[in-house]
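Engineer: Protein chains in written order, with the numbering used here: chain W, 1147 to 1478; chain V, 1147 to 1478; chain U, 1147 to 1478; chain A, 1147 to 1478.
You can take every hint at face value.
Copies of the same chain are indistinguishable here, so a pair counts whether it falls within one copy or spans any two.
Think about it this way: if two alpha-carbon atoms lie no more than 20 Å apart in a straight line, the pair counts; the simulated SDA-like pairs of lysine to any residue are:
(1) Lys1469 <-> Arg1353
(2) Lys1410 <-> Ile1423
(3) Lys1348 <-> Lys1392
(4) Lys1469 <-> His1352
(5) Lys1392 <-> Asp1279
(6) Lys1469 <-> Val1335
(7) Lys1469 <-> Leu1345
(8) Lys1392 <-> Ala1276
(9) Lys1392 <-> Arg1414
(10) Lys1469 <-> Gly1367
(11) Lys1348 <-> Asp1305
(12) Lys1469 <-> Ala1365
Hints were generated in silico from the structure; no laboratory data involved. It should be emphasised that the depicted structure is a prediction, and the values quoted were computed from it without experimental measurement.
The primary structure of each chain is shown beneath.
4 protein chains.
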Amino acid sequence: MIDFCLVGAGFIGPVHAANLSAHPRARLAWVVDLNVAAGMALAAQHDAHATSDLGEALADPNVRAVIICTPPRTHTPIIEAAARAGKAIFCEKPIDLDMTKVDACGVALAQTRVPFCVGFNRRFDPTHRALHDAIRAGEIGRPEMLVLSSRDPEISPPDYVAAMPYGIFYDTMIHDFDMVRWLLADEPVEIYARTACMLNDKENPHRDPDTAMVVLRMAGGTLVHVNSSFRAVYGYDQRIEAFGEKGMLISGNQQATTLERHGKHGIRRDPLLYFFIDRYAESYRRELDAFVQAVEAGTAPAIGFDDGRRALMIAEAGVQSAKSGMPVTLTN
Amino acid sequence: MIDFCLVGAGFIGPVHAANLSAHPRARLAWVVDLNVAAGMALAAQHDAHATSDLGEALADPNVRAVIICTPPRTHTPIIEAAARAGKAIFCEKPIDLDMTKVDACGVALAQTRVPFCVGFNRRFDPTHRALHDAIRAGEIGRPEMLVLSSRDPEISPPDYVAAMPYGIFYDTMIHDFDMVRWLLADEPVEIYARTACMLNDKENPHRDPDTAMVVLRMAGGTLVHVNSSFRAVYGYDQRIEAFGEKGMLISGNQQATTLERHGKHGIRRDPLLYFFIDRYAESYRRELDAFVQAVEAGTAPAIGFDDGRRALMIAEAGVQSAKSGMPVTLTN
Amino acid sequence: MIDFCLVGAGFIGPVHAANLSAHPRARLAWVVDLNVAAGMALAAQHDAHATSDLGEALADPNVRAVIICTPPRTHTPIIEAAARAGKAIFCEKPIDLDMTKVDACGVALAQTRVPFCVGFNRRFDPTHRALHDAIRAGEIGRPEMLVLSSRDPEISPPDYVAAMPYGIFYDTMIHDFDMVRWLLADEPVEIYARTACMLNDKENPHRDPDTAMVVLRMAGGTLVHVNSSFRAVYGYDQRIEAFGEKGMLISGNQQATTLERHGKHGIRRDPLLYFFIDRYAESYRRELDAFVQAVEAGTAPAIGFDDGRRALMIAEAGVQSAKSGMPVTLTN
Amino acid sequence: MIDFCLVGAGFIGPVHAANLSAHPRARLAWVVDLNVAAGMALAAQHDAHATSDLGEALADPNVRAVIICTPPRTHTPIIEAAARAGKAIFCEKPIDLDMTKVDACGVALAQTRVPFCVGFNRRFDPTHRALHDAIRAGEIGRPEMLVLSSRDPEISPPDYVAAMPYGIFYDTMIHDFDMVRWLLADEPVEIYARTACMLNDKENPHRDPDTAMVVLRMAGGTLVHVNSSFRAVYGYDQRIEAFGEKGMLISGNQQATTLERHGKHGIRRDPLLYFFIDRYAESYRRELDAFVQAVEAGTAPAIGFDDGRRALMIAEAGVQSAKSGMPVTLTN
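When you get a sec, could you build the whole thing from the sequences and use the hints?
Structural biologist: Take a look at the structure:
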């Protein structure tokens, strides 16, 4: 049984807490949140301790692992503290929004050698994974084009948007950039991005990009397109299409039921699942299970610090291209 | 170029007339109809002669083939006249509603040896045919169950219904009975049928069955289900499912476009094609082309007199079962 | 927290045990099995007690509910014992294979007034339930026809088949008979069934029917078709189609992923889920949760004793029809 | 009855010839081809005259319309000759590869005022048109993103490629550029393109781009992505996806049948139609019918000279971007 300390009782924290509780070999021991009430409420649901003092939780010798669900700009100090305490670390993406901080954190982390995993949960979605495995098994031969549709049904609340400008790159497409690297086992050499503000002033008061199209060129030659929006009114639209010399693979969307309704005006099926937590429920479970297994086995988690760093680097270059209107070269 | 005489300018006549005109090696020479105006109108569209006197058209030595599209009870005398005149004959189904007349007609026809074809057009539908070919090629091994859905969007007009009681057997499911024989290359040994009147008195004033379920047992053991209705408000529903020891084949429905509309309330595609003439447009073209080819080549048409007779025999037994509520044994 | 005693550590027992353990307000306290090793193994996985003596477990005053997963012919004495002990009862279907025993059990049970639920899990499948809700909400108006495909990928082992002849009725289609009653809120008045042995002597040594087609007439007029097979090599095939005066609803099959593979030879998607435990994983979770809620609230479980009895009665009449070849009238 | 002169008996010529012959109010009167044998062969099939002298055919006063199917670089002189002869003109795309020639031709044409139509047949595909109509009717509100997949199963023969470098822009994506303009009723202001050579030296000896990704920004703000390939081994892949503030529309691919094959290894449907002539058979028929109707009515054909010119302008800018690696601004 592995005891966990969860830092950040907000948005995604409860998802991880519930998955921990349902896991046969993991347990939520501590919830850390500066918002004491929020931390206590979540802790109470899972028979865990609550504290606003990270140090207190890290001092518990039974705690073997930390899950970091706080806002991105707070990640690196928590990572460093947890690493110094010798805990295995699971950190939500992005590691941070500032590459300098990320690099410093990476150095600190490397010295401790604690297990570290970034929460790119989409790698654990069964259909995306089946697509990955088919590509890697050579089913479509050399991948020639990749097309990713990555669309949220709604924009985040204004204060969340204000705290992370160009969040469509740093928060949303960063998932796709990770998927591209993982699916192709390759790195991009160039990125071109165009963005737009399609939502009105009330929906998007900060006029932060809510719509984006990206083209990536990979070192191995594959051309990649990613498109993203914060207004997919029809649901959380998450598709990946891999085109290669021997065929095409499509990872499609998910619906709540398979019901088909035939009427005078056509055939209607369920809308797409609307919330990312519903759409990726299974991948959240599986990523946590994989992390538990890695901690148990003492092996490196599937998605390392460098993966988090590289996805951020692509996001950063994408923002630069969107701002300049010019393609940006990526180097390592 | 083969000159045709078309008898019956009503419902399905214009479909065959248009297909004849578009065929590179066939020509509509005569339209025969007791309704002079209707015959002349159709003839005029296709630069053909019109007459109400079948004998006049049959006397034209250039006419090599006759297409019979009149009401079922008029078929046998026309078949016999055309056969005596030595013309190749394409006759709409059913051959007649009275087995005694059919048998007498069969004897007369056999003496002349003219080519004869029954218009079971569904055999020429590309998807049904692909299903047929897959079964016959052994793709699903021994066929164990067959399920046919055969539903019209509307009931026929009252006078049409009055002229052909139990038309759901004689006019609609007779197609399915032919499909079953053709798909399985086997004959039924027993039929059980249950019917209902679901439409209201205004829609179905004669209280003729408008809904039916049938179970057939084939000589080779396959179990077959057919269901039929005259109220598929969502369109002309025509599916066939073949289940066997190695898998299942499904011949699905047809829609006008592949457009998919994603909205808040779900994903909507086009309704099914509504009119049987749209749904089976391609099969009407192909059955006529096959008949033209058979006449040209002097070979027997694909669907002979005995096929028409046997499908009628099954329909008759089905009606008997529906009336008695008991299964009926079929013999040959 | 509700403590459960699970009786029968075999086939479906472990599914319920795992769902109990994952449930936030239920706990597996006892596993009862005559096979001591099996009982202990399952109990050990869930920190429960094991015994071969049902009385010992029922004597535990903390136990509030019993789940019965033993072979059908052993159900009624266990139900009666649990009822006498005042425990809430969840019993797998069928209640028994012998209507006399079922009726006697029903009398005994009625005297105790303990909550009782039959495990017709399919009622809890999200898509079947969406279909149910749409019918009951009048979306297709009056239901005119119902078509259920209910096919297992494999036949049960020979000893299981030997213990329950005509299991295709008593064990498989009994689910469909329950669905028909639930979906239509109506009772059948007549059943006609035809069966066949399609598997070979090695696969089906007892020559018990492995293929079946059924037609039901409901009191309200709806015509119903059920077809079933123990050889759906392509996976666990579970579809329901409801046809009514305003449209059609189809509850379709389930697959592991949505991956679509485009190649020279066509477009391939995943096969259907193969095991019923995978296909109905969600419905097993939901039926247990509903039972827990009913026990907590002191309300009657969703699927009562009479539901179990009536489904069995239909199965029995179906067997009688299959044996005689004649339709059988159902009375209440 | 409108008499046509068809110029160019090669690739697409026979398609138009067959559609003319099947049209109830059009007739193929002349086939003009420098390759006398090819011209005579096609003419013979349709009872038309053959000549290698365009002037001879244009001198026929019965000829009211000309269809130009010759290689692109020969189009403008033929257009000008036909225009001088006062014939209505239907010209395959692209009008030419050289904008200077196109502009000169446009001037000449404008002076004659003969009806002129460019063969952007995709506008007449029923599904693409349904998507167009839905956008224009406001079904998705303001269009925010458009994604077009435009993939051929094979590259053209080497000599064809040599005659038209960057044919993936001039010959293939020019269709998509036209579709974008038509679907959005808007013009692009910027284009970015990246290309690759994925085929091997034997398949693509001239190392002409066989793979491309394009991003367009429209004057109205819509972001557009087009991807294209000459190696869709799974068939002719032609999809359009329109995303807007109220939903998404997808115009999907086409298959020969709806047959679904269920086996142990999955569910298989037909591959996509492989040849563009099969995929767009209906749109070729409809574009010709629309042209015939326009000539009959004396109205302007649906797709004018300026449409041809603008699509070419976008293709040209795309090639410039592909060569420079920089986005290119489009002006009118």
